[in-house]
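Participant: Got chain A; can you put chain L on it based on the hints?
Chains as they are written, first to last, in our numbering: chain A, 51 to 709; chain L, 51 to 709.
Heads up, a few of these hints could be off.
Cβ-Cβ distance ranges computed for the label pairs, FRET-style [stated by the list, open to error]:
{"no.": "1", "chain 1": "A", "residue 1": "Gly456", "chain 2": "L", "residue 2": "Asp299", "range": "41 to 51 Å"}
{"no.": "2", "chain 1": "A", "residue 1": "Thr464", "chain 2": "L", "residue 2": "Pro609", "range": "56 to 66 Å"}
{"no.": "3", "chain 1": "A", "residue 1": "Asp154", "chain 2": "L", "residue 2": "Glu618", "range": "19 to 29 Å"}
Note that these hints are calculated values from the structure, not bench results.
Glycine residues also receive a C-beta, built at the ideal position from the N, C-alpha and C atoms.
So you can see what is in the structure, the chains are spelled out below.
Protein chains: 2
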Amino acid sequence: MEDTSIYLHDIPLEQAWERFRQALAQAGLWHPLGKERLPLDRALGRITAEPVWAARSSPHYHACAMDGYAIRSEATAGASDRQPRELKLPDEACYVDTGDPLPDWADAVIPIEKVEAVGLETAARTPEAIRIFQPVTPWANVRFMGEDMVATELVLPAGHALRPVDLGAIAASGGRWLEVWRRPRVAILPTGSELVPLEEEPSAGEITEFNSLVLAAQIEAWGGEATRFPILPDDLGRLKQAVAQAAADHDLVLINAGSSAGSEDFTARVVAELGELLVHGVAVRPGHPVILGMLGRQGASEEAFPPGRPVIGVPGYPVSAALTGEIFVEPLLARWTGRAPREPEQLEATLTRKVHSSAGDLEYLRVTVGRVGGRWVAAPLSRGAGVITSLVRADGLIHIPAGVQGLTAGEQVTIRLYTPRAELERTILALGSHDLTLDLLAQFLAARGSRLTSANLGSLGGLLALRRREAHVAGSHLLDPESGEFNLAYVERYLPGEAIVVLGFVGREQGLIIQPGNPKQIQGLEDLRRPDVRFINRQRGSGTRLLLDYHLDRLGITPDSVEGFNREEFTHLGVAAAVASGRADTALAIRAAATALDLDFIPLFKERYDLIIPQAHYESRKLQPLLQVLEDQDFHQAVRSLPGYDIEPMGRVIHIFAP
Amino acid sequence: MEDTSIYLHDIPLEQAWERFRQALAQAGLWHPLGKERLPLDRALGRITAEPVWAARSSPHYHACAMDGYAIRSEATAGASDRQPRELKLPDEACYVDTGDPLPDWADAVIPIEKVEAVGLETAARTPEAIRIFQPVTPWANVRFMGEDMVATELVLPAGHALRPVDLGAIAASGGRWLEVWRRPRVAILPTGSELVPLEEEPSAGEITEFNSLVLAAQIEAWGGEATRFPILPDDLGRLKQAVAQAAADHDLVLINAGSSAGSEDFTARVVAELGELLVHGVAVRPGHPVILGMLGRQGASEEAFPPGRPVIGVPGYPVSAALTGEIFVEPLLARWTGRAPREPEQLEATLTRKVHSSAGDLEYLRVTVGRVGGRWVAAPLSRGAGVITSLVRADGLIHIPAGVQGLTAGEQVTIRLYTPRAELERTILALGSHDLTLDLLAQFLAARGSRLTSANLGSLGGLLALRRREAHVAGSHLLDPESGEFNLAYVERYLPGEAIVVLGFVGREQGLIIQPGNPKQIQGLEDLRRPDVRFINRQRGSGTRLLLDYHLDRLGITPDSVEGFNREEFTHLGVAAAVASGRADTALAIRAAATALDLDFIPLFKERYDLIIPQAHYESRKLQPLLQVLEDQDFHQAVRSLPGYDIEPMGRVIHIFAP
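One chain only, chain A, in its complex shape (with noise of 0.2 Å):
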């Protein structure tokens, strides 16, 4: 707790920056790192140092542009298709490749195509003359010397990254070599007593570490060349000698982590004690906890310091840790490589939900993006900076800047895209109650070129989803207790007055998910009013919940007599990863889910799985292929071998509501 004593409040991301880049610019580091000379076949995708001029011209000669005949063009003056002329070979026409040199005394060329062979010997190429029936136009089908660049003119600019035909360019005009940025090496140094290498299987308390990987591959995705050092425990001394080790021969040291305030972050105090401190702590969330510096600047006078290197403290969330690598090491890379940083596409859209943030910070909002019948809409993802699928999944990022509270459902927000637009205009959203097999339907989607993104929202998160047009598709198994069918009650009821198509899709087993052996003797749904059985519950709107209040109902068992009624979790997955850490004893889930974490399972319930749709996007382009993948015999075998899957509903229409 000692190291608090530096711990700089968060400052605003502009601040944070506005300080690094004045230090960068002190040590001379706010620009290109330095020139690399490289031939043409090693230069693609580098930035260019120096601008290119031509060394010479392009073509360096009068070159013919066609195959066919070098003729004076003056000669075929009056030619027609009545009146050809003949020119003679070889003083009046002369046969030419493309590419070769016009001969001096002619000033075009006309194509074999038009050209008539008068004397030609089967044997023989050459015939003794040619027919013309046009006139031909001076310089016509000739590529004049300097036609493409001229010697001195400048082929390419300073600060350009090269894409092949640049290359090719360079090639043309007499280049071999050019100038380009060097690449900036970049250290990382992995900290953590907790850590363990990705070879090492972890115990509880053991992290993966894999920060590092992450922050490799974009450092190389953006121009750098990264080193990944050994983990470092939490000793001040040795993380001290390691990050003067990777100072000494790497342009940027990133430390990973131990950024944060805790009794075993000794970032700060490295940096401080092997140079400046800058910032330690930066207002955006996930990330705050990062830390700048500069090391082999220690002391109050400027002059008396050699050019520091800097470093940046990453924090050791791999959400934070990959946000921390776009916002603070990219743009030194840009910086340092010559180009522009990125700038990602952006996109309005539609916010599907209410998000609160906190006002003190700038936040980057993950979510998924989808068109809706026109219509952009951003559903936010998981908020946890220790969530990577949030970052895997999401289509883009929201900056709530600082000073905002939050966002309002249906408000209009700016998304910075990582998923390329074309790619989400092929996407069906598809939200509601989460099922395995929409999963295996999304990789027989992608397979098809298309693409499905889906979230869990509940069955009846899905229908309201549907009614805000925020999806394509909603999953659903409500049972309705009424009549004892699946969902055509709750599509009536929510989407009134719409035109749907309920689509059949799986049938499921719902059971009780049991630790193995069965521990507790659990027999059924009675057991759960023994106060020594925990149970964990889905979340209000969800399928499963509902048909668990249904069956409690009928039996006569209270919520509250319940252990573990009120405890949540939002999918099946999620119930039965409970269930296997001990955090309860039991859960209603379908089987697969008992199936996948090698739990015991007590069948009681079988269900329908539909998928609902609005008969417009129904009869889209966009859903053809889904449609296509229910009738597809690999998808049918692949749902098959699921565990308490049947495909008997698979592509039945159900019902269709009519408006």
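Facilitator: This is chain L only, laid out in the frame that chain A set:
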């Protein structure tokens, strides 16, 4: 010419692709080529060949999410500022770091900032107890096992291009290796007796071979591995041998070129003799002499032959070659690596001028793009298949479909972008007279994060472009014969009633460019009357042309008395190149053009070259970097170092026309 016997006529692109696709499918090659197992740190950018399922949950235990104290939440009920609860260590509270496992007896974590330590001596890290001022909810600040991913859950689908965060998610879920589609191996065989390697200085008739450089870079960018073979002469036997050898250990063979129907174009014959010629000629421009074939499938019976090796005969002109890469190689590599083909971003724009197109062909029209006053405009570039700079300068392509005779000026067109839209947003379009200093200006603007695109329309063309709202700036040096003043009279005449700023830019020397040593003994404009002096002119509407007309008129020299008066070039360097190559003896141009090509120069006149800028653009944010550069001493120095330039007028507002 005998090869024309197997020349199949140009067929539409879709038909060509369909034949190729069918042949590939028959050979079992319309699928990804095969899998490869890679460790995570080598998988960036590769495409998953299998879905990735979570091998373990993440977190794999209940993990403390904050540095603080693990507690039982029930023990905090009712805590407040007035009635804090005191929890004793180690039984009721236990210090935990982020990531530590939650002790069995605890169900929540309270962050360190929210507690007060009791009985903490300076030397001791551990207090005796902590004081808590607010109740804590169960499971607060705890990351449940499986919060991010539950074992067996889908982490990533097959067919996914791996980004840095994806690697992190796989590692987090216990993955270490993964299956990706292997990179296709592509052989590139440059053929042509006229070709010389990059390292050699070509003489007339020799062409530097660089298409293989461009194709190899394309293949690398698209996820393949390219092998560049040495240049082969036009020799059927050697070509066949090399192709057969390349086919043995490559997935695709590219033969460049010899794909046309000339006397030394052997490619079609090689393909036909080693396999099956599927397509010879595709109705696209540039790029129509494309060959598609399958090697190793001779004869009639399908089953009798082993799976073929696809081969593409790539046309020789650099633009054709690069576009053939985009049209045929890229989609094939996409298929073979399991990803979707690239889809360029599209943009709607207004075409600046009429374009004729051959109705039989699909034409790829290269354009530069800019946003002028809220409207996107697209200006066609050179259409020559040999002009690789037209691809380098292109911001995108317009596809003019077969059956369309052309496009009209002002027509709305769809552009498939090469340049990202964000870059186009900050592009300043300078049309009009071209000057070498505009290249320098572009260079200095790039360093400021701005972008200048210039195209040469001549001075008058620039003013007309401003009138049509197609440019931000027009470079102009139009001499008014009445007043002897530059530009003002023309702005008044061609942009009447508009708010325009005439901004001084550079002073230049104009004079006669002559061959070194002045072999024709040219002294001045009077010599243009001599029949032995071949002149080359600039195009009508250019400032230099007006300057010439003015002075010829003063001297009483009529155009028809000047040999070559009607031969027009579009740039100073263009006329200089004509003189350098001997195509002409002299031309009127700026001194820098003579110096560039080591020609002699007879200075005749001084002129002022201004930037004509509509007031609205002059005041726009977009133009400010340009105005700043005009004040930059380094820019002044760079311009002064060019021969024949002075910076006397630079940045001076010559006149403001009010509406």
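Participant: Can you list which hints this structure breaks, lowest number first?
Facilitator: 1
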